[in-house]
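Chemist: Respectively, the protein sequence lines represent chains A and B.
The opening residue of the first sequence carries number 1 in my numbering; numbering runs sequentially from there.
The opening residue of the second sequence carries number 1 in my numbering; numbering runs sequentially from there.
Some hints here could point you the wrong way.
[What the hints assert, rightly or not] With a Cα cut of at most 27 angstroms, we get these calculated BS3-like pairs of lysine-lysine:
{"#": "1", "chain 1": "A", "residue 1": "K264", "chain 2": "A", "residue 2": "K116"}
{"#": "2", "chain 1": "A", "residue 1": "K264", "chain 2": "B", "residue 2": "K600"}
{"#": "3", "chain 1": "A", "residue 1": "K116", "chain 2": "B", "residue 2": "K600"}
The hints are simulated quantities; they were obtained by calculation from the structure and are not laboratory data.
2 protein chains.
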Amino acid sequence: MSALPEEAFRPALEGAAALARQLRVDSIRCTARAGSGHPTSSLSAADLMAVLFSRHLHYDWSRPGRPDNDHLIFSKGHASPLLYSLFKAAGVIDDRELVETYRTIGSPLQGHPTPKLPWVDVATGSLGQGLPDGVGVALAGKRLDHLDYRVWVLCGDSELAEGSVWEALDKAALYGLDNLTVIVDVNRLGQSGPTELGWDVETYRRRVEAFGCRAVVVDGHDLRRVDDALSIAERSDRPTVILAKTVKGKGVPEVEDQEGWHGKPVPREAGEAAIDALGGVTDLRVATPPRPSGPAAAPESAPRTVTLPKYELGMKVATRTAFGDALAALGARPEVVVLDGEVGNSTFTDNFKEAWPDRFFQMYISEQQMVGAAVGLSVRGYVPFAATFAAFWTRAYDFIRMAAVSQADIRLCGSHAGVEIGQDGPSQMGLEDLAALRAVHGSTVLYPSDATSAAALTAAMADLPGVSYLRTTRGAYPVLYGPGETFPVGGSKILRESAQDQVLLAGAGVTLHACLEAAQRLADRGLPARVIDLYSVKPIDAAGLSSAVHATGRRLVVAEDHYPEGGLGEAVLAALSPLYEPLRFEHLAVRDLPGSGTPKELMEAAGISADDIEAAALRLLGDHGDPRLRQP
Amino acid sequence: MSALPEEAFRPALEGAAALARQLRVDSIRCTARAGSGHPTSSLSAADLMAVLFSRHLHYDWSRPGRPDNDHLIFSKGHASPLLYSLFKAAGVIDDRELVETYRTIGSPLQGHPTPKLPWVDVATGSLGQGLPDGVGVALAGKRLDHLDYRVWVLCGDSELAEGSVWEALDKAALYGLDNLTVIVDVNRLGQSGPTELGWDVETYRRRVEAFGCRAVVVDGHDLRRVDDALSIAERSDRPTVILAKTVKGKGVPEVEDQEGWHGKPVPREAGEAAIDALGGVTDLRVATPPRPSGPAAAPESAPRTVTLPKYELGMKVATRTAFGDALAALGARPEVVVLDGEVGNSTFTDNFKEAWPDRFFQMYISEQQMVGAAVGLSVRGYVPFAATFAAFWTRAYDFIRMAAVSQADIRLCGSHAGVEIGQDGPSQMGLEDLAALRAVHGSTVLYPSDATSAAALTAAMADLPGVSYLRTTRGAYPVLYGPGETFPVGGSKILRESAQDQVLLAGAGVTLHACLEAAQRLADRGLPARVIDLYSVKPIDAAGLSSAVHATGRRLVVAEDHYPEGGLGEAVLAALSPLYEPLRFEHLAVRDLPGSGTPKELMEAAGISADDIEAAALRLLGDHGDPRLRQP
């Protein structure tokens, strides 16, 4: 250990033991008062955290944003009573807040930790995610910040059944993250019974070592051994996983190592007796002195000049190509980092890799870890973009959902959207991605139709809060917009209009090109149609859409290369729902399970081609038989 | 090996070598003709599959449904040219179909395999899924069918980066699936470059062994060694993973072991030269004699008497409880099996476990493997139900999406939906699940409000095709329906009505109870409201809804415990979109990120409580100030 200020030195056994007693007492108290929560899962890890806090953690509680602070992530988020008890020991919350507000409305001391608390980096509670997030933070420390902070992740043993944990350890080893220490609280009991491996820490050890990390097995209640293990981790040249054999409910004899006590306050009498036996309520304050080295500079965030690519009108360019071009241009901003799921030659993150190799991280085919890394990098102030096929973001949907709970700013690009991809078939077609990403809290969903807008929206994403998603198309289509055009998030574009328009054709991505073709054919029939580019799917331009609907006789065709549920069509209906006017609406979407074929064949088979849009417009126009209907 | 019909005996080296040559030739030819596809990924595995097919696979091609047939799953679905070339060698497709229709519209020979072909069990193409599915098939064989068939899964090396692969191997070992053989084609090259571990088969070996499986390392082009390895697997008392070191593009010198050839036909001249060198086009037929043992009986599927639980009107029962009760009752049908994600005491799959322990499978906290196992069990004709918290189905969304491409019949239950769960906070709240599950192709989404309907819909799911999803609520609410009531999928229920109704209140699950309370208050104000139970979210009862909307002055409040996008509100708008009438619509949904609190507080904070529904109805009724608006 490096030199610490004197007051932080304390005998490991006595000081940490006293802290452990307080953490147990407080975990029992706050859950008893709340009437819910996970005291037994906190009690098993109390000794581990007491030693970490007393002897190894470096953290300036007055400045949670200080760049060289360590990071402590509770991947077992249900042990929040223990985490908040640590915060009390750090002096940043007081006893009253802990005991009286835990799990109550309005309190930042939620059932599972979220970054509403400034000392919490990421929301946890969906198991197997805190560790992947921590890998992202450690990656930032090792490869970008070049700071000495350490990342400490507390895992439960149940969550080691999640594949994402093994994706995370694999990437931790790959990137040599010796600044990462994982502490596994092997208390052998899950929610509904014994875990798969129980106290078989040797099997865990073999797995951890096979995945390239150092494994240290300890008795998690032997403070000296725990202290030694943490010291080994600090000196390790690899990520370290401390496999700590513990007893669930440790400190409350009535529930120790018993099934049936997960997620329940301990019985009142047993709790009171345990509190007495542990020495009653105390108010120890523990120093976690910041690292002696001065904080290095935070990543520069001053805007740099980004020169976006320019495309000639009419030139055929895929939006995924424009995304890659824009991403490479955005690399001029030193905080921009890119993650790839081994498909960079398809998504065109390869362009960034070539230009800025030091800020490009290959996650191979592990989409969950890719999002975890993005979240972790965002914790350190970076601006992560991650890309894979639109279909494969479904693999990481829980991580994306949790990124929103973390209020992390991450940017995802999904290429190869829809049946337009053609021959590869339905397994590779993103057809649910708009629904899934729209439903993420606070998300932005963008779906450009041409290269100019794709590049502009990619650039815009760098400054968007929350989870933002860009959907790109495999094939090359004509550039529709000149380089001067702007594409505000929440906006739309009218691409074709006249005062006589009788129907509105709305699309985004590939279907916008089909709308334009259909409009031309309708015009040739003497039926002028307006075309709107809904590149901003969420937020959608409700005002622009309403106005266009009004101007076109309230006849609207929406065409999308997506299943009908939750995508563009329903977004449009929701936007128009305050209209209080009758709407003639045709929704063209992919309704049958597609197969392989050419893009054109598959769009026709799905009923989202120019022919289909034209036919739908004609239906709305009363089979072009009723002249009254043609009046806007 | 057991005795095979004489014609199937052939020298391993010569017969399999000739087959391997044909498989290579055909893989080159069909992709060349299609102009796309993955020949190089097929060439690396051709020797492996040739030996398997010639010497180890038992399959009656005339009866793909024969219970004792082996199962061959290409987890590396992009090697479909190789799979279809095997089908040619089996004599079930002809050369013309293979070469002329591969990847063309209407052909079952899609870019990635799907069960449109009777010899394909599951759709693959999203990597890391075929193996989890195969674990499900092997689980059926070992624990339920008690048949000798073997499950052979061909994996790529890139996909070993997916955590789901490790979830699968862990469960394979846990359940002692010695009938499962995984063959990993370690060709060291992924789509965009070298894989993370390249040809480091020793690291793979350590991982496989640490996860409880037997590992056998071989040169994947040495037919004798491959044959030996497959024999070892057949005799193994554990699941076996054959780690076969191979060369991508093997057989076409110009592309062998070269980057840049993933997913591309080989150049014409190189392909033609390779075909010549391999002996040209042949039409070998390979026998894969069925196992000598007579087929055992398939699982009984005759309907048994299922006596559903009954609940008294007004009694407070959680829908999750009713799900568990009904599931236990459904166990009377011997084909019903249940999978748990270590939360059976919350979802109440525990009820089934107690009643039918032999058909209950604990998957621990690995939701991806849980869906994979469900899909695999469905392949063998079982009726799987799997349950976890609604929020955690997001973890397996890619698997659910692919189950739909597989056209598998699986049943999912998501408990603890929405902010109603209260204190545990947002990480545990399913708030995106309706959007995600609605967007799955061919899915059914059910959301009962009371115990009677929950039990009835659980029972109905047993006979539904495709992916069906039941959303249940944590808290106990009054039983609304008597035991005689029926709940057709696609139906709805009017719970309160009069000829004077001026507004329609629509809910499902917990919000239906809030609608009923709001309707009572509105009635007390002299403003009669109709209440509709939209328990069938997909398909939704468009006719019933339209009729109720017409009868209530086209004033509609929809309240849902879900984010606004893609859930009940948008389903209602889509259902009413053909209406062509002005609709006064209020959509109450969870718009802010929730925290912890009591269920009541959180529903109020989200604006989906009875108070909010009443207020929304009053807004629709013109601030209850305009008497004209009160006329229906």
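Chemist: Going back to the hint list, which numbers does this structure go against?
Modeler: When the structure is compared with the hints, none of them turns out to be violated.
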